[in-house]
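Mind docking these for me? Both chains are given alone in their own frames, and the hints should help you get the complex.
Chains as they are written, first to last, in our numbering: chain A, 1 to 407; chain B, 1 to 310.
Check the hints yourself; a few may be wrong.
[Claimed, not checked] Some chain A residues near chain B, calculated using beta-carbon distances under 8 Å:
hint : residue
1    : 118
2    : 274
3    : 277
4    : 278
5    : 281
6    : 384
7    : 386
No lab work stands behind these hints: they were computed from the structure.
Computed from a predicted model, the values in this text were never measured in an experiment.
Heads up, the beta-carbon is just placed ideally off N, CA and C, and yes, glycines get one too.
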Amino acid sequence: MRSYSRRFLAVAALAVLTTATAACTTDEPAPSAAPAGSSGPAESAGPGDRGTGAQSKFFVQADYDAQMTMRRAEPTGPADKPWEQSIDPQLIDTAAYKKAAPYHLCFSNAAIDNPWRQVGWKTMQAEVALHKEIERFTALDAEGKDDKQISDIAELQGKGCDVLIVSPNTTATLTPAVSGACPKVPVIVFDRGVETDCPVTFIKPVGGYAFGAEAAEFLVDKVPSGGKILALRILPGVDVLETRWSAAKVAFDSSDLDVVGVEFTDGDAAKTKSIVGDYIQRYGKIDGVWMDSGATAVAAVEAFEDAGLPVPPINGEDQQDFLQKWSDAKLTAIAPTYPTYQWRTPVIAALKILKGEQVPKIWNLPQPAITQENLATYLKPGMPPLHYALCGCEDLPGYPEKWGGTS
Amino acid sequence: MRRALPIFVVLAGLLIAIAVVNPYFLEPPAFLAFVKRAAPLVILAAGQYFVIVSGEFDLSVGSLVTAEVVIAARLIDGSAEATWPVLALLLVLGLLVGLVNGIVTTIFRVPSFITTLGMLLILSGAVFLWTGGAPRGALSPEFRELGRGSLGPVPWSVLILVAVVAAAVYAMRAGFGHTLIAAGDNDRAAALSGVRLARVRTAAFMISGLSAAVAAILLGGFAGVSAQAGNGLEFQAITAVVLGGVVLGGGRGSVVAAMAGAFTLEALFTLLNLYGISGALEPAVQGVIIIAAVALGAVRFPRRRTAAAS
Numbered sequence: 001m002r003s004y005s006r007r008f009l010a011v012a013a014l015a016v017l018t019t020a021t022a023a024c025t026t027d028e029p030a031p032s033a034a035p036a037g038s039s040g041p042a043e044s045a046g047p048g049d050r051g052t053g054a055q056s057k058f059f060v061q062a063d064y065d066a067q068m069t070m071r072r073a074e075p076t077g078p079a080d081k082p083w084e085q086s087i088d089p090q091l092i093d094t095a096a097y098k099k100a101a102p103y104h105l106c107f108s109n110a111a112i113d114n115p116w117r118q119v120g121w122k123t124m125q126a127e128v129a130l131h132k133e134i135e136r137f138t139a140l141d142a143e144g145k146d147d148k149q150i151s152d153i154a155e156l157q158g159k160g161c162d163v164l165i166v167s168p169n170t171t172a173t174l175t176p177a178v179s180g181a182c183p184k185v186p187v188i189v190f191d192r193g194v195e196t197d198c199p200v201t202f203i204k205p206v207g208g209y210a211f212g213a214e215a216a217e218f219l220v221d222k223v224p225s226g227g228k229i230l231a232l233r234i235l236p237g238v239d240v241l242e243t244r245w246s247a248a249k250v251a252f253d254s255s256d257l258d259v260v261g262v263e264f265t266d267g268d269a270a271k272t273k274s275i276v277g278d279y280i281q282r283y284g285k286i287d288g289v290w291m292d293s294g295a296t297a298v299a300a301v302e303a304f305e306d307a308g309l310p311v312p313p314i315n316g317e318d319q320q321d322f323l324q325k326w327s328d329a330k331l332t333a334i335a336p337t338y339p340t341y342q343w344r345t346p347v348i349a350a351l352k353i354l355k356g357e358q359v360p361k362i363w364n365l366p367q368p369a370i371t372q373e374n375l376a377t378y379l380k381p382g383m384p385p386l387h388y389a390l391c392g393c394e395d396l397p398g399y400p401e402k403w404g405g406t407s
Numbered sequence: 001m002r003r004a005l006p007i008f009v010v011l012a013g014l015l016i017a018i019a020v021v022n023p024y025f026l027e028p029p030a031f032l033a034f035v036k037r038a039a040p041l042v043i044l045a046a047g048q049y050f051v052i053v054s055g056e057f058d059l060s061v062g063s064l065v066t067a068e069v070v071i072a073a074r075l076i077d078g079s080a081e082a083t084w085p086v087l088a089l090l091l092v093l094g095l096l097v098g099l100v101n102g103i104v105t106t107i108f109r110v111p112s113f114i115t116t117l118g119m120l121l122i123l124s125g126a127v128f129l130w131t132g133g134a135p136r137g138a139l140s141p142e143f144r145e146l147g148r149g150s151l152g153p154v155p156w157s158v159l160i161l162v163a164v165v166a167a168a169v170y171a172m173r174a175g176f177g178h179t180l181i182a183a184g185d186n187d188r189a190a191a192l193s194g195v196r197l198a199r200v201r202t203a204a205f206m207i208s209g210l211s212a213a214v215a216a217i218l219l220g221g222f223a224g225v226s227a228q229a230g231n232g233l234e235f236q237a238i239t240a241v242v243l244g245g246v247v248l249g250g251g252r253g254s255v256v257a258a259m260a261g262a263f264t265l266e267a268l269f270t271l272l273n274l275y276g277i278s279g280a281l282e283p284a285v286q287g288v289i290i291i292a293a294v295a296l297g298a299v300r301f302p303r304r305r306t307a308a309a310s
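So here's chain B without its partners, still in its complex pose (with noise of 0.2 Å):
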């Protein structure tokens, strides 16, 4: 937890920031709209997070909440009836998807960078094919409930994105968490006391995946129908897991500051859109901070006792 302390002094910042600007932020309403903006990145970090630490990438994500959101709309095309049987299937797809991953990974010992690429360009090819570039069908107002609604005063997303945030911090309180950490901190050492690498590794990547059809559904609810729905989110997540101080490259860092990272990420957005600077500074800052955060754990990795926090 003390490692996760920076980001949170930076998000901090980056939220008075914004209240300094526009005063209205700060009032319950204002801030649950952005939470519930960010909870589609927060929930795609946390995936992410699982695959990073355990020393892997997932390029995958974006492409996949695309053909997640296209899927959902030609299936449910406007009808109740539907809803639950095709939000069941977009999980188990998105479980799917990541069990692919982790398995091409792991036994045939493809790197994650080229598996989790080939997905992305195969998942976009496909969602291609077969709309042609226009989505069709219409997604159901009990679909998009979930990302459009809320439950009094709290919108669904929000609550969705508390369980995803318990949920990853006892992951990684558990032994699953501690086994992942060591996988990607040496993975030799860790098969050596008994790790079994290419398990613990193909579930993170399932994580990753059932994180991407989570953020489908809340997106495509938040949003409609679009075959942009997924496009960058995969280097937003991944910017926001290293803003976070999660290593590229595996066994350091917490979930909880991967999440505060893509808060961080989306508060900074939202600061920039304030500040009325155009959205085309977006994959600028993205790269600025990528190769900074990743330059600055390269200098101080040497000198580094290896740690793990939750």
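Bound conformation, chain A alone (with noise of 0.2 Å):
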């Protein structure tokens, strides 16, 4: 009996601890330690707080301008071929790297296990095989790991590439990677970036800031005044995706809507649905949903379906059952993309490098969205579920079968 009542004291304290840490950590309002933290219920909005918390310590004012003003500029290029165009190119001279063809391309690849860079991966080797002056193209998978890459990009320095193309896994720990590569062979450097200005050219959408600032500004336009927002997110920390968030943020603090939550959801589409379905009924009713990415969004959507309620405003991106849901449910909805197109381009620029022809130093490619009036046109049926719509790969060969899809 000694022994039965001693488990239960102790059972009893672990679960009063938890709970009591739960208590006061929302006593206090909104903690600088937890930035991005949630806003609990008992947490008054004082005069211009949104409830959004304070501001990412990845917030770059100036990085966010440049962004805001890209997003809306005219790309220069052929229109019907966004991977080939850029905005507000500053074009350099690349003819002392100027060679006589076949071309031997080499990949470093950060890693290929979301269904992004899948898409993209595929849409890269496709664009590779367009070309017979590339006689070789040898790739390495770093598997998400920064010792792996940096071993891969040493060891593509010995194998007599004319251009090396790196997609690092991380912006700081590549650079002397890439710096190291630079004296040696061309480097082109996308998605990501690196701290040094020595690869050829650097090709990326228009970025982070522009995403998030593309969903908010839609919901603060659909959702009336006062409305309850939610804004669900991966993970913390991570400079592409709070980048996504801090321009929410900015957008949301200038409306009247009450972000009444900020989730972190690790992209799994059940606790997405869990975390929805609690705001749901702790709000009753949630007037619009923010998301950093679309993984999730059709989880969310089938939150309120599942509650029997109207699906509110909402972003997501542009995967194929997010669209898919959109059309069919008739959502009010916007998907702003991050490009899977961006992987033609790679090729595309080393080629022009080859042969002497300018690139840009940073090329800008268009971010464009998916909106209502263009949904149509992006939504092909037959797709994967989690196929991208802006592959820019329609006019590869081997479309849509490559890709998964059904003709």
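Spelled out as structure tokens, the structure:
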């Protein structure tokens, strides 16, 4: 009997301890230790405070301003080939790298561990196959590991590459490896950047601020004044995701919307659905959902459907399952994108450099958003649920089968 | 049953705490939604209980859930006719993985910690290799109905959960349950008194595999295809079982308490969410629970008289 009550006390104490911790954290107004932390129900919103918490330490005003300008700028280049377009290009001379065909291209890839990179990687391979002057294409997959990518880059330098394309796993750690390769071979960096300007060109879409702002501005426009917004993020502390949220925060802070929660989903559909379900219960009604990535957007939509409520304005991404749901359920939605067609551009850039043609020093690709008006053009029937519509791959040989679709 | 009491008191306390923040919680639709969400974890905890009480571990259930969801999506590919055969296949696959875990552990005498950790890695590696990180195909609406839909006001997953609870309680009251506890408490004594250890423990692993298959069907139905469907579930299930007062190392604890432990864990997560605490705290809470519960068990251990309860 003695041991029985001991155990009881211990378990009870444990439960009390955890709930007590829960209680005190909410009593404090938005602790600075958790910049993107959630707002508790007891928290009172002061003037100018829209429940969005402190600004991310990744926020850089100058970058934000630059992206806001680029979002509205007209890109140069062929309108039907956005992967060849660039915004405000500062062209540089590449005559020094001019060489006769055939060419050997090399590619150090950060990873192919998510659907976005899968679609991009297939698109890149198809682009390479288009060009007969590319005799060899050597690609190494770093499997999401910095150390492997550092040795991959070193290994590729000994393979006689004419151009080295790098998609860095992380920005800071890969910088020395890229700097080391620059003197030996022309380097092209795309997707994430590096902290050196030694690559011949750096290719990227407009960026994360533009993504986050696009979605947030849509909600500010569509959700009635004072509406309750739930923001769903994957993880804290990842630069490309922090920029998306920090731009959304700027938009929400200057609006009259009420951000009732900022939650982390780990990119998990079940967790997303549960969180949205909890918020619907807690507030009775949620008037808008902002997401930093579209992977779990369908789960969020389903949470409203399963609760028997109309789906409020929401943003997803250009993933097929979301576009399909949007079209079927007639959602009020927008899909900002981080286009996978950017995987075509490095190959095109490599050939331009080897032919001595000019390329932009920073190749800013346009980053369109899918809206109600152009949804029908991007929603392609027969593609798999995790396909990305902005692959720019429709004109490539092997489409749609190579991308898992059926014609 | 008497020993299961503390966890029920804690569970009741948590439910009341949730109801204080959100009075709507105790109304039938909201409460059923809670039970529905908890169902996969409760079923996994029941399966894990059988393995733990027999003195072993099953770390492979999380990646088994992921593998099952991904396989289901690929094979069904949105077709209604394929739904029932694939459901049957998933259950068989769960049993098969359990059988392999059981045989490797009992016949080849590889510690279950290593066997099932190996199985975890094999399954997650195989899923990754097969899908390359992007699952293909889609689950049919019929498949999703089990995790998403309901019969009148009662979700299917709640009905399935009730059936699982009944089956688990029955199994533990039957001779199988008694031999399982005997095997976990003192395997040498059990073997000398005629218990076929290998057979009993292998059956426990198969039950765990089966529970992972059922959980996968419910989770896939609830949330759809995802290559992360089962992430971390093995630790949640073990935490739930330990929270229910089941002793790691086997021989003590009740299956009802283990399932109540799963409800408690889910209630705790719900409460943390209601108080606006980031999900990042969940693994930390689980870690505290596992260590605290095992530490308490170790302190208590020499003074306790062996007892079995169901």
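Evaluated hints:
For residue 118(A), the interface hint holds, the least distance from its beta-carbon to any beta-carbon of chain B being 4 Å, beneath 8 Å. Given the 8 Å rule on beta carbons, the hint for residue 274(A) holds: about 6 Å separates it from the nearest Cβ of chain B. Annotation: residue 277(A) was flagged as interfacial toward chain B, and the flag holds, the nearest CB pair being 6 Å apart, inside 8 Å. Look at residue 278(A): its Cβ gets to within about 5 Å of chain B, closer than 8 Å, so that hint holds up.
Taking 8 Å as the C-beta contact cut-off toward chain B, the hint placing residue 281(A) at the interface holds, the least distance being around 6 Å. Interface hint status for residue 384(A): upheld, as the beta-carbon distance to the closest one in chain B is roughly 5 Å, under 8 Å. Because the smallest distance between the Cβ of residue 386(A) and any Cβ of chain B comes to about 5 Å, under 8 Å, the interface hint for this residue holds.
The structure is consistent with each of the numbered hints, conforming to all of them.
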